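Number of protein chains: 2
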Amino acid sequence: MGTKQVQAYGTESVANPLHQMTINRRAVKPHDVEMEILYCGICHSDLHQIKNDFGGTNFPIVPGHEIVGRVTAVGNHVTKFKVGDLSAVGCIIDSCGHCEYCNDGIEQFCDEGVTFSFNSPDKDLGGSTFGGFSKSYVCHEDYVLKMPAFEDLAAAAPLLCAGITVYSPLKHWQAGPGKKVGILGIGGLGHLAIKIAKAMGAEVTVFTTSPDKVADAKRLGADNAVLSSNPKEMAEYNRKLHFIIDTVSAKHDVNTYLNLLRHDGSVVLVGLPPEPLEIGAFNVVMGRRSFAGSNIGGIAETQEMLDFCFKHNITSESESSLSTM
Amino acid sequence: MGTKQVQAYGTESVANPLHQMTINRRAVKPHDVEMEILYCGICHSDLHQIKNDFGGTNFPIVPGHEIVGRVTAVGNHVTKFKVGDLSAVGCIIDSCGHCEYCNDGIEQFCDEGVTFSFNSPDKDLGGSTFGGFSKSYVCHEDYVLKMPAFEDLAAAAPLLCAGITVYSPLKHWQAGPGKKVGILGIGGLGHLAIKIAKAMGAEVTVFTTSPDKVADAKRLGADNAVLSSNPKEMAEYNRKLHFIIDTVSAKHDVNTYLNLLRHDGSVVLVGLPPEPLEIGAFNVVMGRRSFAGSNIGGIAETQEMLDFCFKHNITSESESSLSTM
Numbered sequence: 087m088g089t090k091q092v093q094a095y096g097t098e099s100v101a102n103p104l105h106q107m108t109i110n111r112r113a114v115k116p117h118d119v120e121m122e123i124l125y126c127g128i129c130h131s132d133l134h135q136i137k138n139d140f141g142g143t144n145f146p147i148v149p150g151h152e153i154v155g156r157v158t159a160v161g162n163h164v165t166k167f168k169v170g171d172l173s174a175v176g177c178i179i180d181s182c183g184h185c186e187y188c189n190d191g192i193e194q195f196c197d198e199g200v201t202f203s204f205n206s207p208d209k210d211l212g213g214s215t216f217g218g219f220s221k222s223y224v225c226h227e228d229y230v231l232k233m234p235a236f237e238d239l240a241a242a243a244p245l246l247c248a249g250i251t252v253y254s255p256l257k258h259w260q261a262g263p264g265k266k267v268g269i270l271g272i273g274g275l276g277h278l279a280i281k282i283a284k285a286m287g288a289e290v291t292v293f294t295t296s297p298d299k300v301a302d303a304k305r306l307g308a309d310n311a312v313l314s315s316n317p318k319e320m321a322e323y324n325r326k327l328h329f330i331i332d333t334v335s336a337k338h339d340v341n342t343y344l345n346l347l348r349h350d351g352s353v354v355l356v357g358l359p360p361e362p363l364e365i366g367a368f369n370v371v372m373g374r375r376s377f378a379g380s381n382i383g384g385i386a387e388t389q390e391m392l393d394f395c396f397k398h399n400i401t402s403e404s405e406s407s408l409s410t411m
Numbered sequence: 087m088g089t090k091q092v093q094a095y096g097t098e099s100v101a102n103p104l105h106q107m108t109i110n111r112r113a114v115k116p117h118d119v120e121m122e123i124l125y126c127g128i129c130h131s132d133l134h135q136i137k138n139d140f141g142g143t144n145f146p147i148v149p150g151h152e153i154v155g156r157v158t159a160v161g162n163h164v165t166k167f168k169v170g171d172l173s174a175v176g177c178i179i180d181s182c183g184h185c186e187y188c189n190d191g192i193e194q195f196c197d198e199g200v201t202f203s204f205n206s207p208d209k210d211l212g213g214s215t216f217g218g219f220s221k222s223y224v225c226h227e228d229y230v231l232k233m234p235a236f237e238d239l240a241a242a243a244p245l246l247c248a249g250i251t252v253y254s255p256l257k258h259w260q261a262g263p264g265k266k267v268g269i270l271g272i273g274g275l276g277h278l279a280i281k282i283a284k285a286m287g288a289e290v291t292v293f294t295t296s297p298d299k300v301a302d303a304k305r306l307g308a309d310n311a312v313l314s315s316n317p318k319e320m321a322e323y324n325r326k327l328h329f330i331i332d333t334v335s336a337k338h339d340v341n342t343y344l345n346l347l348r349h350d351g352s353v354v355l356v357g358l359p360p361e362p363l364e365i366g367a368f369n370v371v372m373g374r375r376s377f378a379g380s381n382i383g384g385i386a387e388t389q390e391m392l393d394f395c396f397k398h399n400i401t402s403e404s405e406s407s408l409s410t411m
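Taken in order, these protein sequences are the chains called H and U. The first sequence begins at 87 in the numbering used here and counts up one residue at a time. The second sequence begins at 87 in the numbering used here and counts up one residue at a time.
Bound-form chain H, shown alone:
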């Protein structure tokens, strides 16, 4: 199989910073799409993998999984894309396609394991898949997304991971009119959760430990913003919320938030704290509440999310845009 040499940023070990390197991309196969990469988000998962925080990093690594590009070549059998189209690749570039998970459109949980856009075994070239911190990407058309013509494509790139990570549980737990949704934390995930939950029609209450983020939360569209260190403010939400998206990636007290749920409510974890979280029995048993989790989303749902965000003019904030607020 032919390959093409491509410039990228990666590293051979935890000890080395990212640096420029040359990687191989496979030649375009009949169902492949090749794209020039225009923008790529930087997600905390990229940092986790670079630093081998979860112990599963295969070096050398080229991170990047929030990839926005423009199609430069397509295989003979590709029908969904043509050269010049805006395109995108997110977290997943392959799955078995026939297990219950793939059949249910949640191929992120594929029984045989998905191929991620970086740091997964590369079935074509051997070694690991290399991500979007590079000049181009090649993958099967079924895993390439149609990128709507966002005005600011750079700001739309984080939707490919952060966006779908919050869109999927907001959809699954039915955020919408009449629903009171809590958002815990206002980082990369939380600030998109605010915008998407509002666009879905929910009443959004943000919980933050940072006094300066209370104002940010409201500017981003939250109906209410609560300083979680204030017990009196917190008590006002006791048993009031239908569900809470928990974006916190460090060890934290989930029980406080379980007690803000109505009956049958869920705290839905989308962050990945490295240490286990402690749950008191009474906090789930009373009110038939749940502590649940959610992880990214399937390809069809990711496309739906991109179209939804384009329609509602939702993109990620960047440091520079927040600093002007």
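I should point out that these hints are in silico values taken from the structure, not numbers from a laboratory. Mixed in with the good hints, there may be bad ones.
Below, computed lysine to any residue pairings styled on SDA-like, alpha-carbon distance capped at 25 Å [as the list claims (entries may be wrong)]: (1) U:Lys397 x U:His258; (2) U:Lys397 x U:Leu313; (3) H:Lys326 x U:Lys304; (4) U:Lys326 x H:His258; (5) H:Lys265 x U:His184; (6) H:Lys326 x U:His258; (7) U:Lys337 x H:Ala336; (8) U:Lys337 x H:Met372; (9) H:Lys166 x H:Tyr229; (10) U:Lys337 x H:Thr342; (11) U:Lys326 x H:Cys185; (12) U:Lys326 x H:Gly183; (13) U:Lys326 x U:Thr342; (14) U:Lys318 x H:Lys221; (15) H:Lys337 x U:Glu361; (16) H:Lys137 x U:Gly366; (17) U:Lys137 x H:Gly366; (18) H:Lys337 x U:Asn341; (19) U:Lys326 x H:Val92; (20) H:Lys137 x H:Ala336; (21) U:Lys257 x H:His258; (22) H:Lys221 x H:Val164; (23) U:Lys337 x H:Asp350; (24) H:Lys326 x U:Pro362; (25) H:Lys257 x U:Asn345; (26) U:Lys326 x H:Glu186; (27) U:Lys265 x U:Leu313; (28) U:Lys318 x H:Glu198; (29) H:Lys337 x U:Leu358; (30) H:Lys221 x H:Asp208; (31) U:Lys326 x H:Thr342; (32) U:Lys304 x U:Asn399; (33) H:Lys257 x U:Asp350; (34) H:Lys326 x U:Glu198; (35) U:Lys137 x U:Ser214; (36) U:Lys326 x H:Lys337; (37) H:Lys337 x U:Pro360; (38) U:Lys265 x H:Asn189.
What you are looking at is a predicted structure, and each value in this text was computed from that prediction instead of being measured.
Take the given structure of chain H and dock chain U to it, following the hints.
Okay, now just chain U, sitting in the frame of chain H:
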């Protein structure tokens, strides 16, 4: 208000064993039912309260909340019961009747707090409600259950708490044909969960730490019984179960069981371990799984459970009957 003196078993302090005492029962009001108590179960919650394990015991205490009796008097306005009827009282004898919880038939989570059949503030006589370790009981007809004519009424008494505690989540999480249900632990709750889940039509797999309970589980009707200390047996159930009823009341590893769930599955805690349980983020995030809880059930559902158990000939095992198995 007139009262009647009744013999009971109770205690004035953690230090004293239960002993015979005399308590007052209120005179029958227009909507009250008075019953002679025929049998009363002994539940771990009774022991917790006697020993003040959760710190909320009001002494003197008369425990007992799995009460089977025969009606001896009814108030003028009572329509559902007549003298001589079999009757029962479970955990709940009052709730506000107008909050969202009461309206949704889950008055066990009443916004204003329920009155339990023992150790709750007694709105009529002051002090605390006294439970079923006594000769008679008086309460509002809305909280009295029609007791089907079980052949062994003593063995049916534990259904009033243990039975509804497992019936309610089995119903809510939709145990039935085509569903693979796990049961964790085979004590008072677990053994009834096996019988009820089987009667609902589910495929039942029991997990136990005791080799001698593997055979018991199968005799009770379980399709499969797994020794949880055997990793090879456990691995066969990886991602296979729709949900698991977790009856364990001591600290234990929930993560192992979360990993046995299919996507969107739940481990549903019905035990009350005094220490918090640790949940690893990946174990809920992967597969969109939940760690949930459930607590007893509402009055209507308790009646439904009694009728279901009568129809399917389900009662509690006792030590003597188990020893002959």
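**OP:** Verify the proposed pairing of H:Lys265 with U:His184, using a straight-line Cα cut of 25 Å.
**Re:** Measuring from Cα to Cα gives roughly 21 Å; hence the hint holds.
Subject >> Given hint H:Ala336 paired with H:Lys137 - CA-CA distance at most 25 Å >> reply: The hint holds at about 16 Å.
**OP:** Below or equal to 25 Å on CA atoms is what counts here, so check H:Lys257 against U:Asn345.
**Re:** holds (24 Å)
Original post:
Regarding the pair H:Lys326 and U:Lys304, is the alpha-carbon distance no greater than 25 Å?
Top reply: Violated, at roughly 43 Å.
Original post:
Straight-line Cα separation of U:Lys318 and H:Lys221 no greater than 25 Å?
Top reply: violated (46 Å)
**OP:** Take a quick look at whether U:Lys326 and H:Gly183 sit within 25 Å of each other, Cα to Cα.
**Re:** Answer holds: U:Lys326 to H:Gly183 is near 19 Å, not above 25 Å.
Subject >> Pair hint outcome, U:Lys257 versus H:His258 [Cα-Cα no greater than 25 Å] >> reply: holds (21 Å)
**OP:** Sort out whether H:Gly366 lies within 25 Å of U:Lys137, counting only the CA atoms.
**Re:** holds (20 Å)
Subject >> 25 Å Cα cutoff - pair H:Lys337, U:Glu361 >> reply: Since the Cα atoms of H:Lys337 and U:Glu361 sit roughly 18 Å apart, the hinted pair holds (cutoff 25 Å).
**OP:** Take the C-alpha atoms of U:Lys265 and H:Asn189, compute the straight-line distance between them, and say whether it is at most 25 Å.
**Re:** holds (18 Å)
Original post:
Is the Cα-Cα distance between H:Lys337 and U:Pro360 25 Å or less?
Top reply: holds (21 Å)
Original post:
Given the hinted pair H:Lys166 and H:Tyr229, is their alpha-carbon gap at most 25 Å?
Top reply: holds (11 Å)
Of the numbered hints stated above, those contradicted by the structure are hints 2, 3, 14, 19, 31, 36, listed in ascending order.
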